[in-house]
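Protein chains in written order, with the working numbering: chain A, 1 to 231; chain B, 1 to 268; chain C, 1 to 241.
Because the hints were derived from the structure by calculation, they are not lab data.
There's no promise every hint is true.
[Stated by the list, open to error] Below, in silico cross-link-like pairs of lysine-lysine (BS3-like), each with a Cα-Cα straight-line distance of 25 Å or less:
| no. | chain 1 | residue 1 | chain 2 | residue 2 |
| --- | --- | --- | --- | --- |
| 1 | A | Lys34 | C | Lys9 |
| 2 | B | Lys57 | C | Lys230 |
| 3 | C | Lys59 | A | Lys78 |
| 4 | C | Lys229 | A | Lys34 |
| 5 | B | Lys57 | B | Lys13 |
| 6 | A | Lys229 | B | Lys24 |
| 7 | B | Lys46 | C | Lys188 |
| 8 | C | Lys191 | A | Lys34 |
| 9 | B | Lys57 | C | Lys231 |
| 10 | B | Lys166 | B | Lys263 |
| 11 | A | Lys204 | B | Lys24 |
| 12 | B | Lys12 | A | Lys141 |
| 13 | C | Lys24 | B | Lys46 |
| 14 | C | Lys231 | B | Lys46 |
| 15 | B | Lys4 | A | Lys141 |
[As the list claims (entries may be wrong)] Selected chain A positions facing chain B (in silico; Cβ < 8 Å):
| no. | residue |
| --- | --- |
| 16 | Ile72 |
| 17 | Gly114 |
| 18 | Arg137 |
| 19 | Gly145 |
| 20 | Thr147 |
| 21 | Val196 |
Remember, it's a predicted structure, so these values are computed and weren't measured experimentally.
Heads up, the beta-carbon is just placed ideally off N, CA and C, and yes, glycines get one too.
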Amino acid sequence: MSATFENRSLVVPGDVLYEGRIRTGDNTFRTQGKVYATRIGLVNYNRNMVSVIALEAGFNPLSGDLVIGDVIDIELGKWIVDIDADTPANLNLPDAIDAPYRSNIVMPEILDVGDTVVAKIVDMDRRRTPILSILGRGLGKVTEGFTVRLTPSKIPRLIGKKGSMVNMILKETGCNIVIGQNGRILIHGQNREQEVIAISVIEKIEREAHISGLTNRVQEYLRNLKVEKDE
Amino acid sequence: MSSKYGVVSRLKKKKITEVIASGKRMDGRSLEDYRDIQLRTGVLEKSEGSAEVFLGKTRVLVGVKVGTGTPFEDTPDKGVLMCNAEFSPIAHPSFEPGPPDENAIELARVVDRGLRSAEILDFEKLCLIPGKVVYMVHVDVHVLNYDGNLIDSSALAAIAALKTTKHKVYKVKDGEIELTDKKVELTVRKEPIAVTMLKIGNSLVVDPSADEEDIMDTRLTITVDEEGNICTIQKTGSEGLTQEELKIMMKMASDKSEMMRKKLSETK
Amino acid sequence: MSKRRKRTKKRYDGRKPNELRPLKIESGVLPNADGSAYIEMGRNKVLVGVFGPREMHPKRFSKPDMATLRCRYRMAPFSVDPRRSPAPSRRDNEISMVMRYALEPAVFLDRYPRSAIDVYAEILEADGGTRTACINAATVALVDAGIPMRDLVASCAAGKMDDQLILDLGDYEDKEGQADVPVAYMPKLDKITLLQMDGILPMDEFEECVNLAIEGCNQIYEMQKEALKKKYGIADEQEEE
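Bound conformation, chain A alone (with noise of 0.2 Å):
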């Protein structure tokens, strides 16, 4: 009964990493006694439970989850919205506008095709299709800012510690940053030279989330941009 690598080691499917009885967390599975690892990640001992934290993975979608995506169809009574998942989802007329319903409805004046939301997913149908809510405060049709991708297991990262790192780039660059559980981030800054500042910032966690410090680097990498402008 062991555990099989160190800590926090680097692992890819097929690698065992725990042999005897385990509570078996995120990314493993179990056969014939051994525990393995489903995706690359880091393997995480912890409490008598071991799980992997995954480098590559897409997004799953979760009851909860906040998501920004993009409306790709318009269908009787629903909005197709793509939030980068294994299928679209589905938002229903009545958890987009909060009003009793009227025959003229023109679903098009509400979102057209090409919009952008931030939404809720509130639940997944029978056949796990993600259904959404844009009713609530916060979430709505998007109409300033742009959106950039980082991959969704490391989401976590963009966000820090109790938003530590979130936090960190709102104060420095002072941009209004939303932060999609899809690995979608909408940006909206008051001038382009922040943007960049900002999009350089998640590029470079998309680079780095797996090697620690990392809060650090991007502090460190922050007060350089600024001696440089002040310079």
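Chains B and C: place on chain A using the hints.
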């Protein structure tokens, strides 16, 4: 089409148009800058000639194969040049596997016209037995990653591949062709270079990225040879161009083709 | 008593009978693909892009309880001598299918009902054993795409040439040899997922061939792992929070 579902985000269009109107591009370039160009020749061992171009993140690979075959009926004493382009589905999530679509066919034909109009090959020299056997030069463009401006990158790779092509020599004996053990460099007489520009709002930008191509009003490619002659022109897109804009674009094509020709001569 | 010394014959490229061709694998090489890998196996050059899991079109072909793995094996016109047409051949279709069967057992398809996972293999240069090169690269690309897998799939061919059993046949050996046995194998789970044969072999030699191919697969497995890990450098021990 840089979006997965063929839908262009309004937000993206608004942002890009704003940034371009202010004189810069999303990646920080000026309106007249090309992205970083990497050019390597001789990357394929089994091809008589080959070249790979990285233009920003756009990546194309051109292979040149020289074989023998029957000439066209109307040009019995001339060798044959054929260009083909494949948009590999690995290049972009919206590229579907299948035969070349209208964009792939356009790419092949624009590259072909540029090479042919510049008369880069001496087709009569490529004849072996008039009316029966000639050399066939196949230029195959394989798009490996799409981030805009496939025409300029493919045309550059094509000319670089042709210029470094070495092929087996056949000799004619008793009315049949026989393979010798000699190899000869393909004679390429000119260096046509394609320069592609977009009109977005009131601005003209050079070397468009995929996002820019998504929101363009219209696109113009001008291919120029080293003597400053225009070898081919292709306009795509639904908006019109003024004569003033055309003049500006012609000057741009002239300048930028010089820059790329220098890149070509640095690689060999 | 005379010892019967087994004389090994030199191969066309000077390799020993159980020697692999030089192998190079890189992961994460295509910016637009969800996962990707590039492989050079001898003179073979293969680029694989993976997309998915994503919505499957046409919907009616999707499976209600699992994802559909779609593999596409295509050779560039300049990948062989003489040039070949870019249109798919019957051989291309068969190889696409066996690729799928080789990879399917390794992928957790039931996690993504009604979706498609697309594996596109582009052969840029071919020199014998392209299907094994594709499977090797496709596995790395699938992991790079973050698709959950049970194990890696490694692939290698063994065969017979000049009455000698050999590993990793080159194009010349493919064409002139007596037998060609491509194998794909999941080492940790000890499962063979691809097995084909071209040529003729007595049963005991066939078994030896399979064993030899599996030895090759095990070696390639280590290189696949290295290629995946190389993208991240050496991971640190502590993570700061």
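Verification of the supplied hints:
1. A:Lys34 x C:Lys9: 43 Å, violated
2. B:Lys57 x C:Lys230: 21 Å, holds
3. C:Lys59 x A:Lys78: OK: Lys59 (chain C) and Lys78 (chain A) at ~19 Å, within 25 Å.
4. C:Lys229 x A:Lys34: 22 Å, holds
5. B:Lys57 x B:Lys13: 20 Å, holds
6. A:Lys229 x B:Lys24: At roughly 19 Å apart (the allowed maximum being 25 Å), Lys24 (chain B) and Lys229 (chain A) satisfy the hint.
7. B:Lys46 x C:Lys188: Distance of about 37 Å is beyond 25 Å: violated.
8. C:Lys191 x A:Lys34: Distance of about 16 Å is within 25 Å: holds.
9. B:Lys57 x C:Lys231: 18 Å, holds
10. B:Lys166 x B:Lys263: Holds. Lys166 (chain B) to Lys263 (chain B) sits at ~21 Å (cutoff 25 Å).
11. A:Lys204 x B:Lys24: Holds: Lys204 (chain A) and Lys24 (chain B) sit about 23 Å apart, inside 25 Å.
12. B:Lys12 x A:Lys141: With a Cα-Cα distance of about 14 Å, the restraint between Lys12 (chain B) and Lys141 (chain A) holds, given a limit of 25 Å.
13. C:Lys24 x B:Lys46: 18 Å, holds
14. C:Lys231 x B:Lys46: 29 Å, violated
15. B:Lys4 x A:Lys141: Holds: Lys4 (chain B) and Lys141 (chain A) sit about 20 Å apart, inside 25 Å.
16. Ile72: OK, holds: Ile72 (chain A) within 8 Å of chain B, min 4 Å.
17. Gly114: This hint holds: Gly114 (chain A) lies near chain B, its Cβ roughly 4 Å from the closest one there, short of 8 Å.
18. Arg137: 20 Å, violated
19. Gly145: 7 Å, holds
20. Thr147: Nearest chain B Cβ about 7 Å off; hint holds.
21. Val196: 7 Å, holds
The structure fails hints 1, 7, 14, 18 (numbered hints given earlier, in ascending order).
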